[in-house]
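K.L.:
For reference, the chains in residue letters:
2 protein chains.
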Amino acid sequence: MRVNRNYANLEDNYLFATVSSKVAEFKEANPNKKLIYMGIGDVTRPLCEEVINELKSAVSDMANPETFMGYGPYQGYDFLRKSVAKYYADHGANIDLDEIFISDGAKSDCGNILDIFGNDQKVLIPDPVYPVYLDTNVMAGNKIIFANANEENGFLPLPDRNVDVDIIYICSPNNPTGAVYNRKQLKDWVDYANEKDAIILFDSAYEAFIVDKDLPRSIFEIEGAKTCAIEICSLSKTAGFTGTRCGFTIVPKDLKRDGSSINDMWLRRQTTNFNGVSYIIQRGAAAVFTEKGSQQIRESLDYYGKNADAIGKAMNEMGIWYTGGKNSPYIWLKCPNNMDSWKFFELLLNDIQVVGTPGSGFGKNGEGFFRLTAFGNYEDTIEGMNRLKSIF
Amino acid sequence: MRVNRNYANLEDNYLFATVSSKVAEFKEANPNKKLIYMGIGDVTRPLCEEVINELKSAVSDMANPETFMGYGPYQGYDFLRKSVAKYYADHGANIDLDEIFISDGAKSDCGNILDIFGNDQKVLIPDPVYPVYLDTNVMAGNKIIFANANEENGFLPLPDRNVDVDIIYICSPNNPTGAVYNRKQLKDWVDYANEKDAIILFDSAYEAFIVDKDLPRSIFEIEGAKTCAIEICSLSKTAGFTGTRCGFTIVPKDLKRDGSSINDMWLRRQTTNFNGVSYIIQRGAAAVFTEKGSQQIRESLDYYGKNADAIGKAMNEMGIWYTGGKNSPYIWLKCPNNMDSWKFFELLLNDIQVVGTPGSGFGKNGEGFFRLTAFGNYEDTIEGMNRLKSIF
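Residue numbers (this note's numbering), protein chains in the order written: chain D, 1 to 392; chain A, 1 to 392.
Hints listed in this document are in silico derivations from the structure and should not be mistaken for laboratory results. Quick caveat: nothing in here was measured; it's all calculated off a predicted structure. Backbone N, C-alpha and C define an ideal beta-carbon position, used for all residues, glycine too. Keep in mind that a hint or two might mislead.
[Said to hold, decoys possible] Incomplete in silico selection of chain D near chain A, CB under 10 Å:
#: 1; residue: Val43
#: 2; residue: Thr242
#: 3; residue: Asn337
#: 4; residue: Met339
#: 5; residue: Asp340
[Stated by the list, open to error] Each computed DSSO-like pair below joins lysine-lysine, with the alpha-carbon atoms no more than 27 Å apart:
#: 6; chain 1: A; residue 1: Lys196; chain 2: A; residue 2: Lys122
#: 7; chain 1: D; residue 1: Lys27; chain 2: D; residue 2: Lys292
#: 8; chain 1: A; residue 1: Lys187; chain 2: A; residue 2: Lys326
#: 9; chain 1: A; residue 1: Lys334; chain 2: A; residue 2: Lys364
#: 10; chain 1: D; residue 1: Lys86; chain 2: D; residue 2: Lys213
#: 11; chain 1: A; residue 1: Lys213; chain 2: A; residue 2: Lys143
#: 12; chain 1: A; residue 1: Lys22; chain 2: D; residue 2: Lys56
#: 13; chain 1: D; residue 1: Lys143; chain 2: A; residue 2: Lys196
#: 14; chain 1: A; residue 1: Lys364; chain 2: A; residue 2: Lys33
#: 15; chain 1: D; residue 1: Lys56; chain 2: A; residue 2: Lys56
#: 16; chain 1: A; residue 1: Lys56; chain 2: D; residue 2: Lys292
#: 17; chain 1: A; residue 1: Lys292; chain 2: A; residue 2: Lys22
[Claimed, not checked] Per the computed footprint, the stretches of chain D lying under chain A, defined by three or more beta-carbons under 8 Å from a beta-carbon of chain A, are:
#: 18; stretch: 77 to 85
#: 19; stretch: 94 to 108
#: 20; stretch: 206 to 218
#: 21; stretch: 262 to 268
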């Protein structure tokens, strides 16, 4: 038998593995030096009280025959889908219940959505990029075109009408750059997608970090998006669900391509390949959207936001160019003195024991840039910035 | 843009929808008649105490920064994979930790595994069949060949060496027929797969219902399986996890095809398209395999087993031919008097208010057969059988 030969075209990404081994090596040679980790892409603060209470209550339901829950609806429970619909309505996007699909996180749907498109698609992917967009498309045998994100466009590329595409990936606020599209820019993408009969896969995993009221948190705040976009979101960063696993994908009923309803196709895909998210986890997820839950998750988001502010402020003081820092947990900085990404990494590790992520690991346009994250604790973040200021 | 046109080849399966609407119609016309539901494919008994305790403890972990869990290993936590390895070892199959992939249930992996094979495969699927095998392969554009299961072979078809195949689906104990392959029969399938350079996708979701010590619970109890088989299992029926969602897939490191390690490919697929199962759920799942947990789930399995015994005994008394009933929660019976499946369904609904599932809904070889399940409560099961005996 044959296997999927596209897998042979995957490139191994040793970014985080190399970071880890270099850090381990340094620690072995310097056991008494305190490292400050600013490369973490994972949350560190616990689930909020409301979520914990609902999780516990849902676990108790499973202990009694009267309240026990077996197979649930493939698309997710109405109680959670209603909460998600209200969340969208609160920031100006009207989404119907049967446009909402509860998932076990953005990553699964981000890859699985390609099933309904088949292969040989022309796919526009930003560079630098979250590696999952690239790898899932290599696996599917799609043709990849890169949209260059760079210092000139503030790491926010805009459409080039000379390029024909089928699928467009947009992540805003962006991972790894922290850059955020404004309404006008997103409208340009939406118009382009509609013109080209393409579909935008909009990754809004970091939307909850947006504090600027003028910036769109969902692509569905943009007119015309319902005929060209799918939005993939997650509670991972919004509510600390990286290890708890819950997200949601919005597929509008108005989205048709090639004579087919994309919503119908995704529903068919999910009913066939998926049996829904754990009842317990969905109950916890619903608590995120309650009044108390929203306030409690806001405390953690503000905590990370304060870290990001501190990093941005330090960059300003040092005169280092960067994107992100506001409306995002990521700070994407230009390495001082034209250093390349790995040289800057080594310098920070060896001289001041600050660990970040070399930008070149996210694509060729990442060379000469560096990612810091705001997911650590505040004291360490301040200490890290003081150490950085001591050398720049 | 184009979409995946294979979706247009999917046939709508209205089996359970038609059953539901006919039942609803009957209830409206006969509001005072008590229906006995023996069509349920879902568990009804609550999670066992050990699982509940571990779920609660894991939820508490998520409330404190010191014990909070973020992203976990893509393949699942070692604590759970070690439990699974020990479970296999206890019934004679030696599985390494990195051959075990924790999933959110058998259904996801059953569909997603096709990603690594690409399309245009020749796929052997039994008829009658769990519809997911069929639909996921139609979506992938594979060529489907049916293996006829029927009264003559006891609904346990054996390989036909004249047929060349790439992928072979085997479900034992079978859904919907309850039939179970013995060692000799499975060995024949394993030899055939190795001869044909094919891969067996072995669905062992019902293995925990096997009480006969001579019957294999895993394909990896069969010599030669590690070079030709993938096993997909679930805690859904084993431990009542249909709404809790956890399973596991075993991909041996010795399984190579087309110059590639299938284990490496599946690892790459999962690390790219999946972010692991919720820490909370994995903790609950691990409790299933503890000494106390095993004893507690055994109580529920025995409860369902007692129902199945009662149904089988009633069939024997009525002289009705059937498969399953022992080592399975399903009873697959030949409709008396050569009735077709839907006629028998109508008779049972209208005359004795017993609801089952017409066998024809599972494939053409299901015509004239009928599925009853043992997942109801004991009193109703006995009452259902008494009603059946009153007319046959």
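K.L.:
Confirm or reject each hint.
P.N.:
Evaluation of the provided hints:
Residue-level restraint check for valine 43/D holds (minimum Cβ-Cβ distance to chain A is 6 Å; threshold 10 Å). The interface hint given for threonine 242/D holds, since its Cβ lies 4 Å from the closest Cβ of chain A, which is under the 10 Å cut-off. Hint on asparagine 337/D is violated. Least Cβ distance to chain A is approximately 34 Å, over the 10 Å limit. At its closest, the beta carbon of methionine 339/D sits 30 Å from a beta carbon of chain A; the interface hint therefore is violated under the 10 Å criterion.
Against a cut-off of 10 Å between C-beta atoms, the interface hint on aspartate 340/D is violated, since the closest Cβ of chain A lies about 27 Å away. Between lysine 196/A and lysine 122/A the CA atoms are separated by roughly 11 Å; this keeps the pair inside 27 Å, and the hint holds. Between lysine 27/D and lysine 292/D the alpha-carbon distance is near 42 Å, which puts this suggested pair outside the 27 Å criterion. For a cut-off of 27 Å, the pair hint linking lysine 187/A to lysine 326/A stands: about 22 Å separates their Cα positions.
Taken as a hint, the lysine 334/A and lysine 364/A pair is honoured in the structure, with Cα atoms around 14 Å apart against an allowance of 27 Å. Restraint check for lysine 86/D and lysine 213/D: the C-alpha separation of about 18 Å stays at or below 27 Å, so the hint holds. Restraint check: the Cα-Cα separation between lysine 213/A and lysine 143/A comes to about 37 Å, which exceeds 27 Å; the hinted pair is violated. Proposed proximity of lysine 22/A and lysine 56/D is contradicted: the alpha carbons are some 38 Å apart, above 27 Å.
Under the criterion of a C-alpha separation no larger than 27 Å, the hint pairing lysine 143/D with lysine 196/A is inconsistent with the structure, at around 33 Å. Simply put, lysine 364/A and lysine 33/A have alpha-carbon atoms about 33 Å apart, too far for the 27 Å limit, and the pair is violated. Of the pairs offered as hints, the one joining lysine 56/D and lysine 56/A holds, with about 6 Å between alpha carbons and a cut-off of 27 Å not exceeded. Pair hint lysine 56/A plus lysine 292/D holds up; C-alpha atoms about 22 Å apart against a cutoff of 27 Å.
Among the hinted pairs, lysine 292/A with lysine 22/A is inconsistent with the structure: their alpha-carbon atoms are about 43 Å apart, more than 27 Å. Remark: the stretch 77 to 85 of chain D is not confirmed as covered by chain A, as 0 of its residues place a Cβ nearer than 8 Å to a Cβ of that chain, below the required three. Residues of the stretch 94 to 108 of chain D with a Cβ under 8 Å from some Cβ of chain A number 4, which satisfies the need for three, so the listed coverage holds. Three residues within the 8 Å Cβ limit are the bar, and the stretch 206 to 218 of chain D against chain A gives 0, so the coverage statement is violated.
Residues of the stretch 262 to 268 of chain D with a Cβ under 8 Å from some Cβ of chain A number 3, which satisfies the need for three, so the listed coverage holds.
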